[in-house]
Every structure is written in C-alpha cells, then in structure tokens.
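There are 2 protein chains.
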Amino acid sequence: MDISQETFIASLGVHIRQLREKKGMSQQDLADDSEIRKTQIGRIERAEINTTIKTLIKIANALDVEPKELLDFPLK
Amino acid sequence: MDISQETFIASLGVHIRQLREKKGMSQQDLADDSEIRKTQIGRIERAEINTTIKTLIKIANALDVEPKELLDFPLK
Numbered sequence: 335m336d337i338s339q340e341t342f343i344a345s346l347g348v349h350i351r352q353l354r355e356k357k358g359m360s361q362q363d364l365a366d367d368s369e370i371r372k373t374q375i376g377r378i379e380r381a382e383i384n385t386t387i388k389t390l391i392k393i394a395n396a397l398d399v400e401p402k403e404l405l406d407f408p409l410k
Numbered sequence: 335m336d337i338s339q340e341t342f343i344a345s346l347g348v349h350i351r352q353l354r355e356k357k358g359m360s361q362q363d364l365a366d367d368s369e370i371r372k373t374q375i376g377r378i379e380r381a382e383i384n385t386t387i388k389t390l391i392k393i394a395n396a397l398d399v400e401p402k403e404l405l406d407f408p409l410k
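Line by line, the protein sequences give chains B and L.
Converting from the first sequence to this note's numbering requires adding 334 to each position, the first position being numbered 1.
Converting from the second sequence to this note's numbering requires adding 334 to each position, the first position being numbered 1.
Since the hints were made in silico from the structure, they are not lab data.
Among the hints, a few may not be true.
[To be verified] With a straight-line Cα cutoff of 16 Å, these simulated EDC-like cross-link-like pairs (lysine to aspartate or glutamate) come out:
{"id": "1", "chain 1": "B", "residue 1": "K402", "chain 2": "L", "residue 2": "E369"}
{"id": "2", "chain 1": "L", "residue 1": "K388", "chain 2": "B", "residue 2": "D336"}
{"id": "3", "chain 1": "B", "residue 1": "K402", "chain 2": "L", "residue 2": "E382"}
{"id": "4", "chain 1": "B", "residue 1": "K402", "chain 2": "L", "residue 2": "D336"}
{"id": "5", "chain 1": "L", "residue 1": "K356", "chain 2": "L", "residue 2": "E379"}
{"id": "6", "chain 1": "B", "residue 1": "K410", "chain 2": "B", "residue 2": "E355"}
This is chain B alone, in the form it adopts within the complex (with noise of 0.2 Å):
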C-alpha cells in the first residue's frame, strides 16, 4: 500500500521532536547544532515544508543519530 506524503511527513515531524526532547535538546539548541534556522525547525515539525535530504542529514548529525533513524517510526 502507497504511503500517504502528509501522513508520512506528520509523523517524521513528530518523531524528530521527540528524539530531539530525548536529548534534552529545544528547538534553538537543534538549531545552534544543525546550523538551520529555528524557524525552519518548528516547520519541520510541524510538519509544514517538504525538506530535504541534506536538513535530514544535519538534523541527524546534530542529534546524533543516523539519518535513517529519522524515518524509523511506525507507519499508519
């Protein structure tokens, strides 16, 4: 079955605010690491832009993770 992009993307937003609380990290510490702006942080989670693969890339390396761990939630 074809996963749904909103959904996907609503649940990706989700999971890296939650990986992000796991290390005690906010919004503008992700930021300061990942050298993205904060804005496009809440964005992100909130699951309003359509990102792409290199702000995954920092996002991860700022979190210390792998990149796929980003996409590692269950699907609906």
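Take the given structure of chain B and dock chain L to it, following the hints.
Just chain L now, with coordinates in the frame of chain B:
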C-alpha cells in the same frame, strides 16, 4: 562523527539504483511508477540534486519499500 552530506547523497543514489535494478526496473519504469521525471531519477542516482522527502516517499512507494529502507546502507 558527523556524516558528510556529499558522501551520504552519493551513497543514497547508488542505493536507490541498486534497489531499482534488484526489482528489474528501468529508470523509465521507476519514473512512470513514481510520477517523477526520468531525468530527475537519473540526477538522484548520480547524486546531482538535493532531493526532498516527498520525492523519497514517491520513490519508496514505486519500489515497494518503506522510506527508511532508502536510507539504510552502510555509512563510510
């Protein structure tokens, strides 16, 4: 250690090509099934573009894998 964006995107392109060939699909087959232009498929496989999560979801659906599997390859 931080993952290099260039290295990761290059490995991603190779991995997508390998998954596509394993399914016996041409670039045109993948383009047709994913509704992504064939030229863009080629650019992703050759790591010429910073693709988006929506495009990765379309490719994953066309290859009948989960999106996280597209990022599941050994890191250098």
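Against the structure, the hints come out as follows:
1. K402(B) with E369(L): 24 Å, violated
2. K388(L) with D336(B): 13 Å, holds
3. K402(B) with E382(L): 20 Å, violated
4. K402(B) with D336(L): 14 Å, holds
5. K356(L) with E379(L): 14 Å, holds
6. K410(B) with E355(B): The hint is violated at about 22 Å.
Of the hints listed earlier, those the structure fails to meet are numbers 1, 3 and 6, in rising order.
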